[in-house]
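Use the sequences and the hints to build the structure in full.
From first to last, the protein sequence lines stand for chains W and S. Reading the first sequence from the start, the letters are residues 1 to 117 in this note's numbering. Reading the second sequence from the start, the letters are residues 1001 to 1116 in this note's numbering.
Treat the hints with care, since some could be wrong.
Cross-link-like lysine to any residue pairs, in silico, SDA-like; alpha carbons within 25 Å at most [unchecked claim]:
#  : chain 1 : residue 1 : chain 2 : residue 2
1  : W       : Lys11     : S       : Gln1045
2  : W       : Lys11     : S       : Ser1108
3  : S       : Lys1049   : W       : Gly40
4  : W       : Lys44     : S       : Val1011
5  : W       : Lys44     : S       : Leu1046
6  : S       : Lys1049   : W       : Asp56
7  : W       : Lys44     : S       : Pro1079
8  : S       : Lys1049   : W       : His29
9  : W       : Lys11     : W       : Gln80
10 : S       : Lys1049   : W       : Lys15
11 : S       : Lys1069   : S       : Thr1113
12 : S       : Lys1049   : W       : Gln50
13 : W       : Lys44     : S       : Leu1051
14 : W       : Lys71     : W       : Leu84
15 : W       : Lys11     : W       : Leu84
16 : W       : Lys44     : S       : Val1029
17 : W       : Lys11     : W       : Glu68
18 : W       : Lys44     : W       : Leu96
19 : W       : Lys71     : W       : Gly40
20 : S       : Lys1049   : W       : Ser110
21 : W       : Lys78     : S       : Gln1042
22 : W       : Lys15     : W       : Lys83
23 : W       : Lys11     : S       : Glu1064
24 : S       : Lys1058   : W       : Leu96
25 : W       : Lys15     : W       : Ser66
26 : S       : Lys1049   : W       : Gly3
27 : W       : Lys44     : S       : Tyr1025
28 : W       : Lys44     : S       : His1082
29 : S       : Lys1049   : W       : Gln41
30 : S       : Lys1069   : S       : Asn1041
31 : S       : Lys1049   : S       : Glu1064
Derived from the structure by calculation, the hints contain no laboratory data.
What follows is each chain in one-letter form.
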Amino acid sequence: EAGVAQSPRYKIIEKRQSVAFWCNPISGHATLYWYQQILGQGPKLLIQFQNNGVVDDSQLPKDRFSAERLKGVDSTLKIQPAKLEDSAVYLCASSLKLLQYSNYGYTFGSGTRLTVV
Amino acid sequence: AQSVTQLDSQVPVFEEAPVELRCNYSSSVSVYLFWYVQYPNQGLQLLLKYLSGSTLVKGINGFEAEFNKSQTSFHLRKPSVHISDTAEYFCAVSPLSSGSARQLTFGSGTQLTVLP
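In structure tokens, the structure reads:
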């Protein structure tokens, strides 16, 4: 099966500019996650969608970050305006709703590496 | 809330030697446990998971981990490492839930470097 697709792979922007990342999950996966991975740290959950509804966005800096999943399939994460500390890899993951699948249904994309200068 | 502590940020080891990467967690509820590997410029790949049953879990690439509930640990082991095992390894937990919220909480990672 096709994996989780993310684009772009790399992005360099100046601080105070805006940027958007795109994610297309595995077909049929109802749950979609965005994680932020700062260099030297483990990934941190930013937001979780179930279909097109938000399940948890408690760790999303809502003053500058926004995300949407309008049709319950692909998703966009936006940062506006960007700060230097937003430099990180942004990982998208998707999972099946039900637990009883052998691989736990949790698949990550390759990520978008953002550098803010 | 859950937290994960990976006690070693870097582990250098010679090829064909055994290795253990340590992971301890804290949680007020029961959790599932995972180890992920991340090769440079790639996404996270699941190595193994503990959901229930036998506390010794075998994963891909010859790795295994043992769940110790009393010590709240889930250490990763491999009896003989290869150069190709050089990567970042992340321990993660997820709370048992009947709902759809199965979020992962990650440790800060351990960089395993296999030396020739």
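Now for the hints, and whether the structure bears them out:
Pair hint lysine 11 of chain W plus glutamine 1045 of chain S holds up; C-alpha atoms about 23 Å apart against a cutoff of 25 Å. A threshold of 25 Å between alpha carbons decides the hint, and for lysine 11 of chain W with serine 1108 of chain S the separation of about 24 Å falls inside it, so the pair holds. This hinted pair checks out: lysine 1049 of chain S and glycine 40 of chain W have alpha carbons roughly 23 Å apart, not beyond 25 Å. For the proposed pair lysine 44 of chain W and valine 1011 of chain S, the alpha carbon gap of about 23 Å is at most 25 Å, so the pair holds.
Pair hint lysine 44 of chain W plus leucine 1046 of chain S holds up; C-alpha atoms about 17 Å apart against a cutoff of 25 Å. Restraint check for lysine 1049 of chain S and aspartate 56 of chain W: satisfied, since their Cα atoms lie roughly 24 Å apart, inside the 25 Å limit. With a C-alpha separation of about 31 Å, the suggested pairing of lysine 44 of chain W with proline 1079 of chain S is violated against the 25 Å cut-off. Proposed proximity of lysine 1049 of chain S and histidine 29 of chain W is supported: the alpha carbons are some 20 Å apart, at most 25 Å.
A C-alpha spacing of about 14 Å is found between lysine 11 of chain W and glutamine 80 of chain W, which places the hinted pair at or below 25 Å, so the restraint holds. Simply put, lysine 1049 of chain S and lysine 15 of chain W have alpha-carbon atoms about 39 Å apart, too far for the 25 Å limit, and the pair is violated. Proximity of lysine 1069 of chain S to threonine 1113 of chain S is assessed by CA-CA distance (about 29 Å); at most 25 Å being required, the pair is judged violated. Between lysine 1049 of chain S and glutamine 50 of chain W the CA atoms are separated by roughly 23 Å; this keeps the pair inside 25 Å, and the hint holds.
Between the alpha carbons of lysine 44 of chain W and leucine 1051 of chain S the distance comes to roughly 22 Å, so the proposed pair stays at or under 25 Å and holds. Between lysine 71 of chain W and leucine 84 of chain W, the direct Cα distance comes to roughly 32 Å. Violation of the 25 Å bound is thereby established for this hinted pair. Simply put, lysine 11 of chain W and leucine 84 of chain W have alpha-carbon atoms about 13 Å apart, close enough for the 25 Å limit, and the pair holds. With a C-alpha separation of about 20 Å, the suggested pairing of lysine 44 of chain W with valine 1029 of chain S holds against the 25 Å cut-off.
With a C-alpha separation of about 20 Å, the suggested pairing of lysine 11 of chain W with glutamate 68 of chain W holds against the 25 Å cut-off. A C-alpha spacing of about 20 Å is found between lysine 44 of chain W and leucine 96 of chain W, which places the hinted pair at or below 25 Å, so the restraint holds. For the proposed pair lysine 71 of chain W and glycine 40 of chain W, the alpha carbon gap of about 34 Å is over 25 Å, so the pair is violated. As the CA atoms of lysine 1049 of chain S and serine 110 of chain W are separated by approximately 20 Å, the hinted pair is consistent with the 25 Å bound.
Under the criterion of a C-alpha separation no larger than 25 Å, the hint pairing lysine 78 of chain W with glutamine 1042 of chain S is consistent with the structure, at around 22 Å. The straight-line distance between the Cα atoms of lysine 15 of chain W and lysine 83 of chain W is roughly 5 Å, inside the 25 Å bound, and the hint therefore holds. Restraint check for lysine 11 of chain W and glutamate 1064 of chain S: not satisfied, since their Cα atoms lie roughly 37 Å apart, outside the 25 Å limit. A hinted pair counts as satisfied when its Cα atoms are at most 25 Å apart, and lysine 1058 of chain S with leucine 96 of chain W qualifies at roughly 23 Å.
Between lysine 15 of chain W and serine 66 of chain W the CA atoms are separated by roughly 17 Å; this keeps the pair inside 25 Å, and the hint holds. Only pairs whose Cα atoms come within 25 Å are accepted, and lysine 1049 of chain S paired with glycine 3 of chain W is accepted, the gap being roughly 20 Å. The straight-line distance between the Cα atoms of lysine 44 of chain W and tyrosine 1025 of chain S is roughly 16 Å, inside the 25 Å bound, and the hint therefore holds. A hinted pair counts as satisfied when its Cα atoms are at most 25 Å apart, and lysine 44 of chain W with histidine 1082 of chain S does not qualify at roughly 29 Å.
Between lysine 1049 of chain S and glutamine 41 of chain W the alpha-carbon distance is near 21 Å, which keeps this suggested pair within the 25 Å criterion. With a C-alpha separation of about 34 Å, the suggested pair lysine 1069 of chain S and asparagine 1041 of chain S falls outside the 25 Å cut-off, and the hint is violated. Distance restraint check for lysine 1049 of chain S and glutamate 1064 of chain S: the Cα-Cα separation of roughly 9 Å lies within the 25 Å cut-off, and the hinted pair is therefore satisfied.
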